[in-house]
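Novice: Take a look at the letters that make up each chain.
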Amino acid sequence: MTEAISLSGLTKRFGEQTALDRVSLRIPAGSVVGLLGPNGAGKTTLINCLTTLLRPDGGTIRVLGHDPGSEPSLVRANIAVTGQFAALDEQISPRENLVFFGRLLGLGRGEARQRAGEMLERFELGEAAYTPVGYLSGGMRRRLDLAVSLVVPRPVLVLDEPTTGLDPRSRKLLWDMVRAEAGRGVAVLLTTQYLEEADQLADRVVVIDKGRVLADGSSDELKRDVGGIMCRLTMTSGADAEAARHSLGDLPGVTAEGDKVAVPMSRPEDVAAVLGRLDGKGLRIADIEVTRPTLDEVFFALTEPMEKEATR
Amino acid sequence: MSTTSDVAAVPGAPALPGRPAGRRHDFRVLFDRLRVRSFSRGGLVATVVQPLLFLAVFYCTFAGMLDDQGIGFGRFVTPTVLVQALMFVAIGSATELAADRSSGVFSRLLTSPVDMRAMGLAHLAVVALQGLLSSVAIVLAGHLAGFRFDHGAFAALGFFALAVAFTVALSLATATIALRLRNLEALSAVLHLPYLPLLVLSTGFVEADLFPGWLRPVVAASPVSGVIDALRALSTAELTWGATLPGLAWLVGLLAVFSWTTTAAFRKVAVR
Numbered sequence: 001m002t003e004a005i006s007l008s009g010l011t012k013r014f015g016e017q018t019a020l021d022r023v024s025l026r027i028p029a030g031s032v033v034g035l036l037g038p039n040g041a042g043k044t045t046l047i048n049c050l051t052t053l054l055r056p057d058g059g060t061i062r063v064l065g066h067d068p069g070s071e072p073s074l075v076r077a078n079i080a081v082t083g084q085f086a087a088l089d090e091q092i093s094p095r096e097n098l099v100f101f102g103r104l105l106g107l108g109r110g111e112a113r114q115r116a117g118e119m120l121e122r123f124e125l126g127e128a129a130y131t132p133v134g135y136l137s138g139g140m141r142r143r144l145d146l147a148v149s150l151v152v153p154r155p156v157l158v159l160d161e162p163t164t165g166l167d168p169r170s171r172k173l174l175w176d177m178v179r180a181e182a183g184r185g186v187a188v189l190l191t192t193q194y195l196e197e198a199d200q201l202a203d204r205v206v207v208i209d210k211g212r213v214l215a216d217g218s219s220d221e222l223k224r225d226v227g228g229i230m231c232r233l234t235m236t237s238g239a240d241a242e243a244a245r246h247s248l249g250d251l252p253g254v255t256a257e258g259d260k261v262a263v264p265m266s267r268p269e270d271v272a273a274v275l276g277r278l279d280g281k282g283l284r285i286a287d288i289e290v291t292r293p294t295l296d297e298v299f300f301a302l303t304e305p306m307e308k309e310a311t312r
Numbered sequence: 001m002s003t004t005s006d007v008a009a010v011p012g013a014p015a016l017p018g019r020p021a022g023r024r025h026d027f028r029v030l031f032d033r034l035r036v037r038s039f040s041r042g043g044l045v046a047t048v049v050q051p052l053l054f055l056a057v058f059y060c061t062f063a064g065m066l067d068d069q070g071i072g073f074g075r076f077v078t079p080t081v082l083v084q085a086l087m088f089v090a091i092g093s094a095t096e097l098a099a100d101r102s103s104g105v106f107s108r109l110l111t112s113p114v115d116m117r118a119m120g121l122a123h124l125a126v127v128a129l130q131g132l133l134s135s136v137a138i139v140l141a142g143h144l145a146g147f148r149f150d151h152g153a154f155a156a157l158g159f160f161a162l163a164v165a166f167t168v169a170l171s172l173a174t175a176t177i178a179l180r181l182r183n184l185e186a187l188s189a190v191l192h193l194p195y196l197p198l199l200v201l202s203t204g205f206v207e208a209d210l211f212p213g214w215l216r217p218v219v220a221a222s223p224v225s226g227v228i229d230a231l232r233a234l235s236t237a238e239l240t241w242g243a244t245l246p247g248l249a250w251l252v253g254l255l256a257v258f259s260w261t262t263t264a265a266f267r268k269v270a271v272r
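Sequences listed follow chains A and B, in order. Residue 244 in UniProt numbering sits at position 244 of the first sequence, and the numbers go up by one each step. Residue 79 in UniProt numbering sits at position 79 of the second sequence, and the numbers go up by one each step.
Derived from the structure by calculation, the hints contain no laboratory data. Given the structure is predicted, the values throughout are model-derived calculations rather than measurements. Among the clues, some could well be false.
Claimed, not checked - For each label pair, taking beta carbons as the anchor points, the in silico distance ranges come out as:
1) A:Q114 - B:G242: 58 to 64 Å
2) B:F62 - A:Q114: 29 to 35 Å
3) B:R267 - A:S24: 27 to 33 Å
4) B:G64 - A:A129: 50 to 56 Å
5) B:R267 - A:F14: 17 to 23 Å
6) A:Q114 - B:L248: 47 to 53 Å
7) A:G15 - B:A153: 55 to 61 Å
As the list claims (entries may be wrong) - Far from chain A by the CB rule (all over 10 Å, computed), these chain B residues:
8) F39
9) L124
10) L140
11) A156
12) V164
13) L239
14) S259
Said to hold, decoys possible - What the simulated footprint calls covered on chain A by chain B, stretch by stretch (three residues with Cβ under 8 Å from a Cβ of chain B suffice, anywhere in the stretch; the number is not a length):
15) 52-65
16) 76-83
17) 101-109
Where a beta carbon is used, it is the ideal one built from N, C-alpha and C, also for glycine.
Kindly produce the complete structure, drawing on both the sequences and the hints.
Specialist: Next comes the structure, spelled out in structure tokens:
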């Protein structure tokens, strides 16, 4: 498969702080890569480097073989970007926004109008077609923002936390759209804070924190690293939670916070063994929940060995 | 098969590698958007209605007073109201630029294959058009108050050209500020701050000799005085090089300095 995006050894510093530390990443055409990380991990910095908004301090970037540093306009012509916040002209209508950005990407006036009509319909914005964007709801703006990014199909699509603050219907629309784009051969890079989103969409997940890549693999691989399932116990007190953590201390990745204890497990059946070990210790359990790990837990599991090593 | 999936799918062949559309195309598209925005109802209030209102208010207040001193109101004050209107055009254009920055449109443009020079040129072209529209409206209204072109068509053309060039120079100055300042409220304050002192400490309403002695050099050397005097010379006062040169010199200087500062500020915003 052709590499649509390839980053190698990408480094970006802001003064003393290293925002990206030798990040390497490859995205073939037609695949979706989810970039996962907490706030301040370097996700947006990476996207800004990729989309020509920031100049990296080291490493190489290629978008369909073009270097953002020396051929910025060729890179821009091939990347559709949707940032964390809707980027729209608020004084004009959705239709006018679509026509404007469509023409800017090379469509003729008539062609842009026709395309605008199609996009309004696809993104369920027909009713608001002539309302100034400033009056639209948050969800509608995000949908329009995406419609604007896709008004002219381009081979690379970059989405920076596209579903943060989105209602479920808009989220579904977005997920379907991402799948459809990948199906047409578009390379998609999306950043997210939600494991579920990466789970749903990404062929590969790259976890970054403090500018460094911590893990790179399918979401199943990632979760396997943590323990496939998480058993969450809510105890009646913090002291009980601490005691429970102590009792289960030899199991890998057990954590306690407040009155809650989280136990990674490989199979749901293991819950019986966990409860058996707590039985007869006088500990009182208020609630039990068996779920998949959250991003926090995947994250914790990925960063914990490093920290332990560092303190050793 | 879910229906939303059909709804969301973007039809057509796989996306082909794109090419930039070219500077001329970009300019036309960018210009169209700004023109539509500036010539909407709100935009016209700032460029046409407001200066005409100023002219009317000044006429009611000062016309009699100036007549007593043997000065024709229309001839003397019309260039002043025009310069004031052009200042508002420049402030308005910077506010629009700042709005584009805060709404994210600017970032979207910077990540689109848009020619950067076309962005700047489209901004200035719309500013020039607004300046011209303001000039025509004020000259027509001034005509009712006694404003005339005494030196023929060429001088009149020079009058409009000077007004438009001054709008562009001022807009370059305000654009620099809009590109440097992130805070919208601070921007508005900074843009409006110099407007009144510049206008009042000029020959716009009172001849330089009538200012207190210590202020006279300030008034005489002011760019606003220079431009107003040049506009007067090109319309109704005596048309001499002496009357037009200071204004022209200021214009050339302002255009040169602020083209440079705007370009530098833009580069800093565009690629970090």
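Novice: Compare the structure with each hint and give your call.
Specialist: Verification of the supplied hints:
1. Separated by about 60 Å at the C-beta atoms, Q114 (chain A) and G242 (chain B) satisfy the suggested range of 58 to 64 Å.
2. About 56 Å separates the C-beta atoms of F62 (chain B) and Q114 (chain A), a value inconsistent with the hinted range of 29 to 35 Å.
3. In this structure the hint that R267 (chain B) and S24 (chain A) lie 27 to 33 Å apart at CB holds, the actual value being about 29 Å.
4. Checking the proposed 50 to 56 Å range against G64 (chain B) and A129 (chain A) shows it holds: the Cβ atoms sit about 54 Å from each other.
5. For the hinted restraint 17 to 23 Å between R267 (chain B) and F14 (chain A), the CB-CB distance of approximately 18 Å keeps it satisfied.
6. Checking the proposed 47 to 53 Å range against Q114 (chain A) and L248 (chain B) shows it holds: the Cβ atoms sit about 49 Å from each other.
7. A beta carbon spacing of about 60 Å between G15 (chain A) and A153 (chain B) agrees with the range 55 to 61 Å that was offered as a hint.
8. Its beta-carbon lying about 12 Å from the closest one in chain A, F39 (chain B) satisfies the requirement of being farther than 10 Å from that chain.
9. Against the 10 Å criterion, L124 (chain B) stays outside the reach of chain A, whose nearest CB is about 18 Å from its own CB.
10. Interface exclusion of L140 (chain B) from chain A stands, the closest Cβ pair being 28 Å apart, more than 10 Å.
11. For A156 (chain B), the condition that its CB be more than 10 Å from all CB atoms of chain A holds, with the nearest at approximately 35 Å.
12. Every C-beta of chain A lies more than 10 Å from that of V164 (chain B), the closest at about 24 Å, which supports listing it as non-interface.
13. For L239 (chain B), the requirement that its beta carbon stay farther than 10 Å from each beta carbon of chain A is met, with the minimum near 42 Å.
14. S259 (chain B), annotated as away from the interface, keeps every beta carbon of chain A farther than 10 Å; the closest lies near 22 Å.
15. Coverage of a stretch by a chain is defined here by at least three residues with a beta carbon nearer than 8 Å to that chain's beta carbons; for the segment 52-65 of chain A and chain B the count is 5, and the condition holds.
16. Proximity of the segment 76-83 of chain A to chain B, defined as three or more residues with a beta carbon under 8 Å from a beta carbon of that chain, is established by the 6 residues found.
17. Only when three residues or more bring their CB closer than 8 Å to a CB of chain B does the claim for the segment 101-109 of chain A stand; here the count is 5, and the claim holds.
In this structure, the one hint that does not hold is number 2.
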